[in-house]
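Top line first, the protein sequences correspond to chains X and U. Residues in the first sequence are numbered consecutively from 39, following my numbering. Residues in the second sequence are numbered consecutively from 39, following my numbering.
None of these hints come from the bench; they were simulated from the model. The reader is advised that the hints may include incorrect statements.
The list treats identical chains as interchangeable, and a pair is accepted whether it falls inside one copy or across any two copies.
[What the hints assert, rightly or not] Listed next, the in silico SDA-like pairs over lysine to any residue satisfying Cα-Cα at most 25 Å (straight line): (1) LYS96 with ALA154; (2) LYS267 with MET302; (3) LYS168 with GLU85; (4) LYS267 with ILE323; (5) LYS44 with ARG87; (6) LYS237 with GLN210; (7) LYS96 with THR56; (8) LYS237 with GLY214; (9) LYS237 with ILE323; (10) LYS168 with GLU83.
Note that this is a predicted model, so its numbers are computed, not measured.
The lines below spell out each chain.
Number of protein chains: 2
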Amino acid sequence: MPVTLKELAARANVHPSTVSRVANNDPGLRIAATTRTRIEALLRETEYRPNGVARGLKLRQTLVLAVVIPDITNPFFAALFRGIEDGATPRGYQVLLCNTDGIPERQRAHLHSLAARRVDGVILASTFLKDPAVRWLRHQRTPYVLVNRFSEEGVDPFVGSDDVVGATLATQHLIGLGHVRIGHLAGQPTVSTGVLRRKGYHVALAEAGIPADPDLLVESGFVEEGGAKAMDHLLSLKHPPTAIFAVTDMTAIGAYGAARKRGMRIPEDLAIVGYNDIPLAGRLIPGLTTVHVPIHEFGSVAARMLLEQIETGVLTPRRVVFAPQLVIRGSSCLGADEQLVRRPAPRSPAE
Amino acid sequence: MPVTLKELAARANVHPSTVSRVANNDPGLRIAATTRTRIEALLRETEYRPNGVARGLKLRQTLVLAVVIPDITNPFFAALFRGIEDGATPRGYQVLLCNTDGIPERQRAHLHSLAARRVDGVILASTFLKDPAVRWLRHQRTPYVLVNRFSEEGVDPFVGSDDVVGATLATQHLIGLGHVRIGHLAGQPTVSTGVLRRKGYHVALAEAGIPADPDLLVESGFVEEGGAKAMDHLLSLKHPPTAIFAVTDMTAIGAYGAARKRGMRIPEDLAIVGYNDIPLAGRLIPGLTTVHVPIHEFGSVAARMLLEQIETGVLTPRRVVFAPQLVIRGSSCLGADEQLVRRPAPRSPAE
DNA sequence: TAACATAGGGCAATCGTTTGTTCACCGCAA
DNA sequence: TTGCGGTGAACAAACGATTGCCCTATGTTA
Chain X
39 MPVTLKELAA
49 RANVHPSTVS
59 RVANNDPGLR
69 IAATTRTRIE
79 ALLRETEYRP
89 NGVARGLKLR
99 QTLVLAVVIP
109 DITNPFFAAL
119 FRGIEDGATP
129 RGYQVLLCNT
139 DGIPERQRAH
149 LHSLAARRVD
159 GVILASTFLK
169 DPAVRWLRHQ
179 RTPYVLVNRF
189 SEEGVDPFVG
199 SDDVVGATLA
209 TQHLIGLGHV
219 RIGHLAGQPT
229 VSTGVLRRKG
239 YHVALAEAGI
249 PADPDLLVES
259 GFVEEGGAKA
269 MDHLLSLKHP
279 PTAIFAVTDM
289 TAIGAYGAAR
299 KRGMRIPEDL
309 AIVGYNDIPL
319 AGRLIPGLTT
329 VHVPIHEFGS
339 VAARMLLEQI
349 ETGVLTPRRV
359 VFAPQLVIRG
369 SSCLGADEQL
379 VRRPAPRSPA
389 E
Chain U
39 MPVTLKELAA
49 RANVHPSTVS
59 RVANNDPGLR
69 IAATTRTRIE
79 ALLRETEYRP
89 NGVARGLKLR
99 QTLVLAVVIP
109 DITNPFFAAL
119 FRGIEDGATP
129 RGYQVLLCNT
139 DGIPERQRAH
149 LHSLAARRVD
159 GVILASTFLK
169 DPAVRWLRHQ
179 RTPYVLVNRF
189 SEEGVDPFVG
199 SDDVVGATLA
209 TQHLIGLGHV
219 RIGHLAGQPT
229 VSTGVLRRKG
239 YHVALAEAGI
249 PADPDLLVES
259 GFVEEGGAKA
269 MDHLLSLKHP
279 PTAIFAVTDM
289 TAIGAYGAAR
299 KRGMRIPEDL
309 AIVGYNDIPL
319 AGRLIPGLTT
329 VHVPIHEFGS
339 VAARMLLEQI
349 ETGVLTPRRV
359 VFAPQLVIRG
369 SSCLGADEQL
379 VRRPAPRSPA
389 E
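With the hints as constraints, model all of the structure from the sequences given.
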């Protein structure tokens, strides 16, 4: 059992409050040098560390943050988490991780537990558009930051990338390669990234004067299996696409599988572009052309924004939006795997 | 601000303790039906949930577990974490995730914070042999379970696989394919998995009457970069190996890269076998032959063992050891990617 | 000599729950 | 009237720390 203030006080023959003040280095404390050293020796000897639970009760802060995501086995979220932890740990916070599998009920249940635990703040990366969970957080006055997806434009603290720009970049790249029948493995329209990347896809087509064939846009969701199914459907069309923009790298990986099963070569028979540039993307064969976003930085910036909120007590709906960059690899251009990177004027974190 | 017992008591015109008993459904409570319904209505209306911090202080349990691992972006640990969470959440626990990057000092720092927070238990997957951190946990009487790696044989609660058997299986497979110069990308001798897989490798060689060439065993550590470097070194030998057993799938992936840089074909010029069967292994091209272990189950079993310890208060050094299985894919045999699995009498979780 | 600083700590309330014990009241039997 | 048992709740003491205020010596100043 760890030692308590009371025990130390008894051993040093002083009042617990005195030990506490010494331990916390209370600046206004007047104390005899001998008493102080006696107490300090005791503190070191017993390796006293105040009970965090009691401290949390009194001080109304737990030094715990929570991260709510769909699934940590998705490399995107793993990298994101590292960023968050790297931002939080140096400031004395530790981080609870909650997986929801994208199920609203699980998200709700986690958030309720977290609130009961009085975590100091929450980082949410599994938000839907108009998400009631976010409204609830706002209403509870729990500090929070949304990452990657937002719930309502401009209302919540948010860090992510400019999805429209990124998707446009990706689609333009395929157009530039001469593709005309470009398919989109799309995210759900209930999620901001789904909507915005879809929009970017359409913007690029329109700018190039290519009519958008509705048959070429199919909803795949954000993970591998959905990507495989959707791709399979596209490839069974009478006029299948020659290129694909996938809403997510994981979706693109699903597409790889589906294409290969039909004996198609990438990129010769089918060019593929993803989104996020997860570490895995560069390891695929061929490498996956994708839209790079600074995932780790998403996390560390989100953590810092959250801590700022917590420490100042002000909830500004600040938005940090990174400019995405296209990373060209072999999945779109034959032989591009010597990693040529085209950067669209990397405007630094906006506003 | 969430509502407190005191406020509810005032609104219901009863004493806080009464509200508490109603909320907790105290079986020994004698109360007028009308009072009870009045309080229950209030509880529902305000969505009262007791302050977990206060509760934790009083009850001496936080309903928080902690997981200490090297790095969540390693797919092995991501899968492990999911297993743990899936085991813990249904019982009302949430889980703190701590990354150490394998640095003892960070592990120590995390464990100290966790102890101060009074987490109910710790799952450690980043243990060294004779790890002082483990001794410290034992000494603190913090419930804990070691996963994948152990610190001292038979002393700690542990869940993992039989590393010697797994490594033997992997090496025998390569021998069976006719390889004689078989290299090993080895883990550090300071870690149980490093030692035991090395041992399995030697056992298989010895059984086959193949003399172990010390030049063919190089320490690579458990992650990609080390694997690449070590592989590169092996390939620069006068008599390079024709086959490799890598201590870990990530190490094997590093080896893929190094081999490819030299223009070698897998498996024609170099056969590779890994360990763990992370999800990524099956997606590589060619698929990675590897030793399958039930990662997710490691996690859920560890969580259940930990909860049992917590709830019963007894720390039995129970060991759950799974029998590993060889999964043959294209990285060792040309054309094996139709996923043939050889199972060595899957003896179920041993004592 | 009385008033007053100052040094050196002690006191006690508080954070929000839980839980063993006590208490007031009522009806009923002796 | 007294005593007793049962109801229906209130009381109060924790859990371990923090912090504003108070108290007692001792020395200093007027």
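Worksheet item: Going through the earlier hints one by one, which of them does the structure break, listed in rising order?
Response: When the structure is compared with the hints, only number 9 turns out to be violated.
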